[in-house]
Amino acid sequence: MAYIPVQEGLPGIRSLVQYRPETGKPLYDLVQILLRGPSPLSPAERELIAAYVSSRNECGFCMNSHAAAARCLYGDQEQIVDDLLYKNNQTELSEKMQALLAIAGKVQKLGKSVSPQDIETARKAGAQDEDIHDTVLIAATFSLFNRYVDGLASFTPTNESAYEAMGKRMSENGYVFPNQ
Amino acid sequence: MPYIDVDKNLPGIRSLMAFRPETAKPLSDLAEALLRDNTGLSRAERELIATYVSYLNDCFYCHNSHGELAVCYLDGNRELVDAVRKDYRNADISEKLKALLQIAGKVQQGGKSVLPENIENAKRHQATDRDIHDTVLIAAAFCMFNRYVDGLASTAPKDMSSYPLRAKQVAENGYGPHIYSTAQPQASSEEIHA
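Quick mapping for you: the protein sequence lines, in order, are chains A and B. The first sequence: position 121 = 121 (this note's numbering), numbered continuously. When you read off a place in the second sequence, starting at 1, and then add 180, the result is the number in this note's numbering.
Just chain A, same shape as in the assembly (with noise of 0.2 Å):
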């Protein structure tokens, strides 16, 4: 039970945003554009940062409707979000997304962590400005909705197929804030 009378059986964020649009339609705006608008990431490695992150914060709801997102947007390379998420194996993923993986880890503990090195090692990978960026503002944005969702005791789905349905719905239509 959430720790606010939101709207029953709607999962996690959909159903704070919903409590209070205000906030939620910043949010949502936020997610689309760092998630599918441009950027030198694609939408599935940045989903991925998402889902890495989330999974840190031991953020059930947002690790794996995240995951489910990146395994539809990586298609037939969809094994690349298990072995990340299950077996921490990162063989498949490029140094860049590898150097930027790390960087978001320390995103997610605390900003100053991110050291001159971690910076160093993404741009001999071939990281420039826009993928740096983007991947701290991803880490730092999911530090915000992984809070957010458990830190109000939002309901998390437990079945599979739910978070099938939302990975499929995320990857092809993005973030469109929920109508009443």
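Keep in mind that the hints were calculated from the coordinates and are not lab data. Quick reminder that beta carbons are idealized off the backbone N, C-alpha and C, glycines included. Treat the hints loosely; a few may be bogus.
Far from chain A, by Cβ distances over 12 Å, these chain B residues were calculated [unchecked claim]:
| id | residue |
| --- | --- |
| 1 | N189 |
| 2 | D217 |
| 3 | D255 |
| 4 | V294 |
| 5 | Q364 |
For lysine-lysine, the following DSS-like pairs were computed, each having C-alpha atoms within a straight-line distance of at most 30 Å [stated by the list, open to error]:
| id | chain 1 | residue 1 | chain 2 | residue 2 |
| --- | --- | --- | --- | --- |
| 6 | A | K106 | B | K338 |
| 7 | B | K278 | A | K112 |
| 8 | B | K278 | B | K266 |
| 9 | B | K188 | A | K109 |
A short, non-exhaustive set of chain B residues, derived as facing chain A with CB atoms under 7 Å [as the list claims (entries may be wrong)]:
| id | residue |
| --- | --- |
| 10 | Y183 |
| 11 | V287 |
| 12 | G291 |
| 13 | L295 |
| 14 | D309 |
| 15 | I312 |
| 16 | A321 |
| 17 | C323 |
| 18 | N326 |
| 19 | Y328 |
| 20 | G331 |
Given chain A, put chain B in place with the hints provided.
For chain B alone, kept in the frame of chain A given last:
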């Protein structure tokens, strides 16, 4: 030195927003909706929650910028803002705000740290559902802002006299596009020596 090539005339999050205006817009809309609202929680209380969380996250730029905004809304009561940062339990604030700051501190650690008894305690002190919602989201939002600002090593003005001047501008104009287009004000020599 910031990790990416940003406008050197802008500090902290302001330089990052100017670097990427597409994401700056929803970020400033979020801050405006969360921090400028006056329903349930006052603007001063909202900025105090933002300051406290930023202080826990050791984000110098955010806790000083938002601390000065709280000072502004509290008619210059800087002692109270300092007391909230250091030990809110003994600060001269309402029991309701103490209960909400406890929740904000839990959110800073992780979403799952917030316990049913923390919520019950806040409700016992007259916190509404909306107060609790806004507290959790302000705390979560500053866990984002703080990480964004420090994760890219953006600069913080060393001239502490510029923070109150900047806070006055935000108190007057809100969190609009001037956030990422107006340079940090500089104290005139009279103000410094006043």
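Exercise for the section: Tell me if B/G331 is really an interface residue toward chain A, meaning its C-beta lies closer than 7 Å to one of theirs. Expected result: 4 Å, holds
Handout entry: Hint check, B/A321 versus chain A [nearest Cβ-Cβ separation less than 7 Å]
Key = It holds, given that the least Cβ distance between B/A321 and chain A is near 6 Å, below 7 Å.
Exercise for the section: Using 7 Å as the Cβ threshold, decide whether B/G291 counts as touching chain A. Expected result: Given a least distance of 3 Å, the restraint on B/G291 holds.
Problem - Assertion that B/V294 lies outside the chain A interface [Cβ separation over 12 Å] - result: 5 Å, violated
Handout entry: Consistency of the no-contact label for B/D255, given chain A and a CB cut of 12 Å
Key = B/D255 clear of chain A: closest Cβ-Cβ about 27 Å, beyond 12 Å.
Handout entry: Distance rule for B/Q364, whose beta carbon must clear each one in chain A by more than 12 Å
Key = 20 Å, holds
Handout entry: Per-residue hint verdict: B/L295, partner chain A, C-beta under 7 Å
Key = Cβ of B/L295 sits 9 Å from chain A, so the hint is violated.
Problem - Cut-off 7 Å, beta-carbon criterion: hint that B/C323 touches chain A - result: 5 Å, holds
Problem - Given hint B/V287 near chain A, where the shortest CB pair must fall under 7 Å - result: With Cβ-Cβ at 5 Å, under 7 Å, it holds.
Exercise for the section: Against chain A, run the beta carbon of B/I312 and see if the smallest gap drops under 7 Å. Expected result: 6 Å, holds
Problem - Distance rule for B/N189, whose beta carbon must clear each one in chain A by more than 12 Å - result: Holds: least Cβ distance 18 Å, greater than 12 Å.
Practice task
So, B/N326 near chain A? Judge it on the closest CB pair being under 7 Å.
Solution key: Result: holds, 6 Å to nearest chain A Cβ.
The structure fails to meet hints 2, 4 and 13 from the earlier list, while all remaining hints are met.
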